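Protein chains: 2
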Amino acid sequence: LLTGLHQQVRRTIHRHGLLAEGSRVLVAVSGGSDSVALTRLLRDLAEHGSFTVVGLAHMNHGLRTTSDRDEAFCRDLARHLGLPIQVAQGRVLEYAAEHRLSTEEAARTIRYSFLEDRATAVGADRIAVGHTRDDQAETVLMKLVRGAGPVGLSGIYPRRGRVIRPLLEVSRSALRAWLERQGASWMEDETNEDISNPRNRLRLRVLPELAEVLGGDPRRAIAQVAALVREDSEWLESQVDTHVERLVRRGGAGIQADLAGVQALPTPLQRRLLRRALCELAGQAEVGFEHVEAVRALLRGKGGAVDVPGGRVELSAGMLVLIERKASSK
Amino acid sequence: LLTGLHQQVRRTIHRHGLLAEGSRVLVAVSGGSDSVALTRLLRDLAEHGSFTVVGLAHMNHGLRTTSDRDEAFCRDLARHLGLPIQVAQGRVLEYAAEHRLSTEEAARTIRYSFLEDRATAVGADRIAVGHTRDDQAETVLMKLVRGAGPVGLSGIYPRRGRVIRPLLEVSRSALRAWLERQGASWMEDETNEDISNPRNRLRLRVLPELAEVLGGDPRRAIAQVAALVREDSEWLESQVDTHVERLVRRGGAGIQADLAGVQALPTPLQRRLLRRALCELAGQAEVGFEHVEAVRALLRGKGGAVDVPGGRVELSAGMLVLIERKASSK
Chain A
1 LLTGLHQQVR RTIHRHGLLA EGSRVLVAVS GGSDSVALTR LLRDLAEHGS
51 FTVVGLAHMN HGLRTTSDRD EAFCRDLARH LGLPIQVAQG RVLEYAAEHR
101 LSTEEAARTI RYSFLEDRAT AVGADRIAVG HTRDDQAETV LMKLVRGAGP
151 VGLSGIYPRR GRVIRPLLEV SRSALRAWLE RQGASWMEDE TNEDISNPRN
201 RLRLRVLPEL AEVLGGDPRR AIAQVAALVR EDSEWLESQV DTHVERLVRR
251 GGAGIQADLA GVQALPTPLQ RRLLRRALCE LAGQAEVGFE HVEAVRALLR
301 GKGGAVDVPG GRVELSAGML VLIERKASSK
Chain B
1 LLTGLHQQVR RTIHRHGLLA EGSRVLVAVS GGSDSVALTR LLRDLAEHGS
51 FTVVGLAHMN HGLRTTSDRD EAFCRDLARH LGLPIQVAQG RVLEYAAEHR
101 LSTEEAARTI RYSFLEDRAT AVGADRIAVG HTRDDQAETV LMKLVRGAGP
151 VGLSGIYPRR GRVIRPLLEV SRSALRAWLE RQGASWMEDE TNEDISNPRN
201 RLRLRVLPEL AEVLGGDPRR AIAQVAALVR EDSEWLESQV DTHVERLVRR
251 GGAGIQADLA GVQALPTPLQ RRLLRRALCE LAGQAEVGFE HVEAVRALLR
301 GKGGAVDVPG GRVELSAGML VLIERKASSK
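If you're matching them up, the sequences are chains A and B in order. First residue of the first sequence? That's 1 in this note's numbering, and the numbers climb one at a time after it. First residue of the second sequence? That's 1 in this note's numbering, and the numbers climb one at a time after it.
Warning: the hint list may mix true and false statements.
Claimed, not checked - Cβ-Cβ distance ranges computed for the label pairs, FRET-style: (1) Leu-83(B) x Asn-197(A): 50 to 56 Å; (2) Glu-104(A) x Gly-17(B): 41 to 47 Å; (3) His-14(B) x Glu-180(A): 56 to 62 Å; (4) Gln-263(B) x Thr-103(A): 44 to 50 Å; (5) Thr-3(A) x Gly-318(B): 26 to 32 Å; (6) Ala-317(A) x Glu-47(B): 42 to 48 Å; (7) Thr-3(A) x Ala-260(B): 34 to 40 Å; (8) Gln-89(A) x Gly-304(B): 56 to 62 Å; (9) Gln-263(B) x Ala-97(A): 50 to 56 Å; (10) Ala-317(A) x Pro-309(B): 53 to 59 Å; (11) Ser-50(A) x Pro-309(B): 37 to 43 Å; (12) Lys-326(B) x Val-151(A): 43 to 49 Å.
Said to hold, decoys possible - The following residues of chain B were derived to be distant from chain A, with all beta-carbon distances above 10 Å: (13) Gly-4; (14) Arg-64; (15) Ala-88; (16) Ala-96; (17) Thr-109; (18) Phe-114; (19) Arg-159; (20) Gly-161; (21) Val-287.
I should point out that these hints are in silico values taken from the structure, not numbers from a laboratory. None of the values given here were measured: they were computed from a predicted structure. By construction, the Cβ of each residue, glycine as well, lies at the ideal position given by its N, Cα and C atoms.
Same shape as in the complex, but just chain A:
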């Protein structure tokens, strides 16, 4: 019998088109409450739906004292549910050092690369991960106070490529209450209590204080705002597509754009078109608000050239020219 939570997750799946007829889903499981609930909910929904859970995938990052306990728990869960499980050991610290990433970034990169690899191996067209409305609210608030722009305020997407997030509209507390009612257990991650981590501090200090200001939980409202901003952003990006096709050319040592055409764009589209071109030039490097604004100053006739991640931008013969660093004179 399906519970209210099953129905709620099914509505999220329908609303965002997360699954297709006959989808084969690989579920990422850490052993925490969110991913354990995700596994159990999808397993139940698969019995009533037109998709299959093809197995679980667990990444043992080896970063915590409880890593092996968590792996054993996930193996037990898979056995209990009669599902195959793929497990890998991560070399996070080495990867972080090698690629100059934070431990968190390195762990994320390794995890998603493992999931994509395993999904291909087992013929899965979807990878389900356990992000909740709590994660959404924390992400959006963090982006807001760090100044990320509308893209950041859009928060975590319900779907990106094969990755789907069926729990994105459910609160963690609802998931835990449901697991308890089902008599199901999960592993607590004690590092979630460490307030030297900014995100934990946001969750443990700032959000409760905000809840007291409001007399209620702000997470639902924040997630809803994020969804609206995301819809605006997605439509604006779709409008940019046709302008990119019309105005932007690649070739030689970089990217060229028709100057008058870019100047004539309304600001929201101009910013997004420039950001796309700058991201293409930058490769892995991060493009900031200030880089986009520096190029916009150039468009308004201020100065001759600006340095940007991966190269530089200048005006030349009616064109805005983005030149890759290796090909430029610098």
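Put chain B on the given structure of chain A with help from the hints.
What follows is chain B alone, placed relative to chain A:
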């Protein structure tokens, strides 16, 4: 001699086109640091610019024990600067009771109505008010956690009608430091320390906690995000204009919109068009996210009619029909 702060305010004025050649500005002054700095900054800039400060306007709401002290301070300031001042007494509590508003809402309504009235009387085409980047950040954060959508995230506008906000990109601490360096005084409003007020609690508790999470002041980032979301929103609203003209008719007992045309709009434009129509129907009443969504459910073929503020909405003969309450059968 103009200071760095003068230059910064002048940049805000230019960037947002707050003043026109020959503008006549009435400055709203409470006696607090923000409005005192605003008065002094604009008076100085007027000497180097092409606009005039035609006088000050002070509203004595009579709500605080210090109301009369603040009025006397503002009269002294005007005398010292050689500017005329208009003062009025507000009847906030009576107005709030009569119109069922909160004290804060009533005070704001009375204040702006007084300012507009005085501006007309003295032939001012601009009313300058002292909102700062701090006010902006607090407003945006408050709207986010209350779930206001992209409109709310846009925060306070640099200009709305005659009202301009030249300090919207300056921090309160910068204004106070400047006033101190100028040897200028202001009145402290002790009610700003009352943490039973949600906005004060946000300022005194939540924002400092966020600053610790980040290792820096989040206000600048929040205000910048708000500016970007505002630009997106303004352009999206301009796109809605043509669709309103094409699809919406007024007449009879309400508003009619072409059903197929509204259904065909991309979601961001559809939401905004429906919100405008609902706001027109609602008059003073507030239109929420849930009202817009209820009408969108109707568009998707769910149910026959929905109640909304000021009336109801139904589908009839290929039209979306908004019927005013007094004319409906209810």
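The hints, checked one at a time:
no.	hint	in the structure
1	Leu-83(B) x Asn-197(A): 50 to 56 Å	holds, 53 Å
2	Glu-104(A) x Gly-17(B): 41 to 47 Å	holds, 43 Å
3	His-14(B) x Glu-180(A): 56 to 62 Å	holds, 60 Å
4	Gln-263(B) x Thr-103(A): 44 to 50 Å	holds, 49 Å
5	Thr-3(A) x Gly-318(B): 26 to 32 Å	violated, 41 Å
6	Ala-317(A) x Glu-47(B): 42 to 48 Å	holds, 45 Å
7	Thr-3(A) x Ala-260(B): 34 to 40 Å	holds, 39 Å
8	Gln-89(A) x Gly-304(B): 56 to 62 Å	holds, 59 Å
9	Gln-263(B) x Ala-97(A): 50 to 56 Å	holds, 55 Å
10	Ala-317(A) x Pro-309(B): 53 to 59 Å	holds, 57 Å
11	Ser-50(A) x Pro-309(B): 37 to 43 Å	holds, 41 Å
12	Lys-326(B) x Val-151(A): 43 to 49 Å	holds, 45 Å
13	Gly-4	holds, 20 Å
14	Arg-64	holds, 22 Å
15	Ala-88	holds, 32 Å
16	Ala-96	holds, 21 Å
17	Thr-109	holds, 24 Å
18	Phe-114	holds, 30 Å
19	Arg-159	holds, 16 Å
20	Gly-161	holds, 22 Å
21	Val-287	holds, 14 Å
In this structure, the one hint that does not hold is number 5.
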